[in-house]
Amino acid sequence: EDQVTQSPEALRLQEGESSSLNCSYTVSGLRGLFWYRQDPGKGPEFLFTLYSAGEEKEKERLKATLTKKESFLHITAPKPEDSATYLCAVGFKTSYDKVIFGPGTSLSVIP
Amino acid sequence: NAGVTQTPKFRILKIGQSMTLQCTQDMNHNYMYWYRQDPGMGLKLIYYSVGAGITDKGEVPNGYNVSRSTTEDFPLRLELAAPSQTSVYFCASTLGTDTQYFGPGTRLTVL
Numbered sequence: 001e002d003q004v005t006q007s008p009e010a011l012r013l014q015e016g017e018s019s020s021l022n023c024s025y026t027v028s029g030l031r032g033l034f035w036y037r038q039d040p041g042k043g044p045e046f047l048f049t050l051y052s053a054g055e056e057k058e059k060e061r062l063k064a065t066l067t068k069k070e071s072f073l074h075i076t077a078p079k080p081e082d083s084a085t086y087l088c089a090v091g092f093k094t095s096y097d098k099v100i101f102g103p104g105t106s107l108s109v110i111p
Numbered sequence: 001n002a003g004v005t006q007t008p009k010f011r012i013l014k015i016g017q018s019m020t021l022q023c024t025q026d027m028n029h030n031y032m033y034w035y036r037q038d039p040g041m042g043l044k045l046i047y048y049s050v051g052a053g054i055t056d057k058g059e060v061p062n063g064y065n066v067s068r069s070t071t072e073d074f075p076l077r078l079e080l081a082a083p084s085q086t087s088v089y090f091c092a093s094t095l096g097t098d099t100q101y102f103g104p105g106t107r108l109t110v111l
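Protein chains in written order, with our numbering: chain Z, 1 to 111; chain C, 1 to 111.
Take these hints with a grain of salt, some might be off.
What the hints assert, rightly or not - Pairs of lysine-lysine residues, derived as DSS-like cross-links and limited to a Cα-Cα distance of at most 27 Å, are as follows: (1) Lys42/Z - Lys14/C; (2) Lys14/C - Lys57/C; (3) Lys57/C - Lys59/Z; (4) Lys9/C - Lys44/C; (5) Lys93/Z - Lys79/Z; (6) Lys98/Z - Lys57/Z; (7) Lys98/Z - Lys44/C; (8) Lys93/Z - Lys68/Z; (9) Lys14/C - Lys93/Z; (10) Lys14/C - Lys68/Z; (11) Lys59/Z - Lys93/Z; (12) Lys68/Z - Lys42/Z; (13) Lys98/Z - Lys57/C; (14) Lys93/Z - Lys57/Z; (15) Lys42/Z - Lys9/C; (16) Lys42/Z - Lys63/Z; (17) Lys69/Z - Lys9/C; (18) Lys79/Z - Lys57/Z; (19) Lys44/C - Lys57/Z; (20) Lys57/Z - Lys42/Z; (21) Lys63/Z - Lys44/C; (22) Lys98/Z - Lys42/Z; (23) Lys57/Z - Lys69/Z; (24) Lys93/Z - Lys9/C; (25) Lys68/Z - Lys44/C.
What the hints assert, rightly or not - If you only want the chain C side, here are some residues facing chain Z, beta carbon under 10 Å, derived: (26) Gln6; (27) Tyr35; (28) Leu43; (29) Gly53; (30) Asp56; (31) Gly58; (32) Gly105; (33) Leu108.
No lab work stands behind these hints: they were computed from the structure.
Think of the CB as a built atom: it goes at the ideal place given N, C-alpha and C, for glycine as much as any other residue.
Using the sequences and the hints, build the whole thing.
Written as structure tokens, this is what we have:
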């Protein structure tokens with residue numbers, strides 16, 4: 001069965017305390033893995049797409065990496081404005097329109 | 001560009017009532033999607049469309065209907081609302097790449 005899980009469910013960091021969020025997936029034929037940021041009361045906002053194992057993408061304090069079974073979102077020296085829920089999702093080679101989202105990790109960065 | 005807009009932002013329905021959630025995008029995107037998001041469950045795909053006049057079911061279509069008469073609009077119809085349809089509904093669109101642009105969401109409560 002195709003599925004996406006994320007851990008931890010919630011993460012509380014001090015400002016400047018680096019950490020990583022995990023997205024594990026079991027899918028038949030990965031087309032791409034996507035990371036989104038979602039602020040309370042708003043729709044998800046696209047961050048990254050990763051297509052192959054070993055690929056890395058960076059944006060400000062965020063870096064996303066991909067292996068054959070999981071992806072990590074590394075947050076370096078986070079600031080309070082990085083507080084949000086981070087969602088990962090996977091797309092399928094055999095069905096462009098099918099995307100499965102994970103449940104998300106709620107990140108809180110305390111000043 | 002306004003991007004993806006959704007109306008209304010909030011709505012309370014009584015069991016058995018019907019309503020239409022509106023979604024409009026001004027980016028000339030071919031692909032449009034409707035998701036629902038329940039707490040701790042991630043986004044679930046309800047319906048999607050690859051262009052005007054073409055729609056297809058997603059993972060959780062029961063109790064919903066859609067139409068796509070124009071490129072810009074993709075309304076979601078709820079017939080005979082049930083408490084299980086209490087959720088936050090997001091519309092999204094994409095040009096055909098893996099970057100989906102989401103609207104701000106509609107929070108629906110069915111009592």
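Do the hints match the structure? See the list:
1. In summary, the hint linking Lys42/Z to Lys14/C is supported, as the alpha carbons are separated by about 25 Å, within the 27 Å threshold.
2. Proximity of Lys14/C to Lys57/C is assessed by CA-CA distance (about 25 Å); at most 27 Å being required, the pair is judged to hold.
3. A C-alpha spacing of about 34 Å is found between Lys57/C and Lys59/Z, which places the hinted pair above 27 Å, so the restraint is violated.
4. For a cut-off of 27 Å, the pair hint linking Lys9/C to Lys44/C stands: about 19 Å separates their Cα positions.
5. Annotation: proposed proximity of Lys93/Z to Lys79/Z is violated, straight-line Cα distance about 36 Å (limit 27 Å).
6. A hinted pair counts as satisfied when its Cα atoms are at most 27 Å apart, and Lys98/Z with Lys57/Z qualifies at roughly 23 Å.
7. Annotation: proposed proximity of Lys98/Z to Lys44/C holds, straight-line Cα distance about 10 Å (limit 27 Å).
8. Our distance criterion of 27 Å between C-alpha atoms is met by Lys93/Z and Lys68/Z, whose separation comes to about 15 Å.
9. A C-alpha spacing of about 41 Å is found between Lys14/C and Lys93/Z, which places the hinted pair above 27 Å, so the restraint is violated.
10. Straight-line distance between C-alpha atoms of Lys14/C and Lys68/Z comes to about 47 Å, which puts the hinted pair past the 27 Å bound.
11. Our distance criterion of 27 Å between C-alpha atoms is met by Lys59/Z and Lys93/Z, whose separation comes to about 26 Å.
12. The hinted pair formed by Lys68/Z and Lys42/Z fails the criterion: a straight-line CA distance of about 31 Å is larger than 27 Å.
13. Between Lys98/Z and Lys57/C the alpha-carbon distance is near 10 Å, which keeps this suggested pair within the 27 Å criterion.
14. With a C-alpha separation of about 21 Å, the suggested pair Lys93/Z and Lys57/Z falls inside the 27 Å cut-off, and the hint holds.
15. A distance of roughly 10 Å separates the Cα atoms of Lys42/Z and Lys9/C; the hinted pair therefore holds under the 27 Å criterion.
16. Of the supplied pair hints, the one linking Lys42/Z and Lys63/Z holds, its CA atoms being roughly 23 Å apart against a limit of 27 Å.
17. Note on Lys69/Z and Lys9/C: the hinted pairing is violated, with a Cα-Cα distance of about 37 Å set against a maximum of 27 Å.
18. For the given pair, Lys79/Z sits about 19 Å from Lys57/Z by alpha-carbon distance, which is consistent with the 27 Å threshold.
19. Distance hint between Lys44/C and Lys57/Z is fulfilled; the C-alpha atoms sit about 26 Å from each other, no more than 27 Å.
20. At roughly 24 Å between alpha-carbon atoms, Lys57/Z and Lys42/Z fall within 27 Å of each other, so this suggested pair holds.
21. In summary, the hint linking Lys63/Z to Lys44/C is supported, as the alpha carbons are separated by about 26 Å, within the 27 Å threshold.
22. Of the pairs offered as hints, the one joining Lys98/Z and Lys42/Z holds, with about 22 Å between alpha carbons and a cut-off of 27 Å not exceeded.
23. Of the pairs offered as hints, the one joining Lys57/Z and Lys69/Z holds, with about 17 Å between alpha carbons and a cut-off of 27 Å not exceeded.
24. In summary, the hint linking Lys93/Z to Lys9/C is not supported, as the alpha carbons are separated by about 34 Å, beyond the 27 Å threshold.
25. Among the hinted pairs, Lys68/Z with Lys44/C is consistent with the structure: their alpha-carbon atoms are about 24 Å apart, no more than 27 Å.
26. About 8 Å separates the beta-carbon of Gln6/C from the nearest beta-carbon of chain Z, less than 10 Å, and the hint is met.
27. Contact between Tyr35/C and chain Z, as hinted, is supported at the beta carbon level, the nearest pair being about 8 Å apart and thus within 10 Å.
28. For Leu43/C, the interface hint holds, since its Cβ comes within 10 Å of a Cβ in chain Z; the closest pair sits about 4 Å apart.
29. Taking 10 Å as the C-beta contact cut-off toward chain Z, the hint placing Gly53/C at the interface is violated, the least distance being around 16 Å.
30. Taking 10 Å as the C-beta cut-off, the interface hint given for Asp56/C holds, the closest approach to chain Z being about 7 Å.
31. For the restraint placing Gly58/C at the interface with chain Z, the shortest Cβ-Cβ distance is roughly 8 Å, inside the 10 Å limit, so the hint holds.
32. Checking Gly105/C against chain Z: minimum C-beta separation of about 5 Å stays under 10 Å; hint holds.
33. Using the Cβ-Cβ criterion of 10 Å, the hint placing Leu108/C at the interface with chain Z is not satisfied: the shortest such distance is roughly 14 Å.
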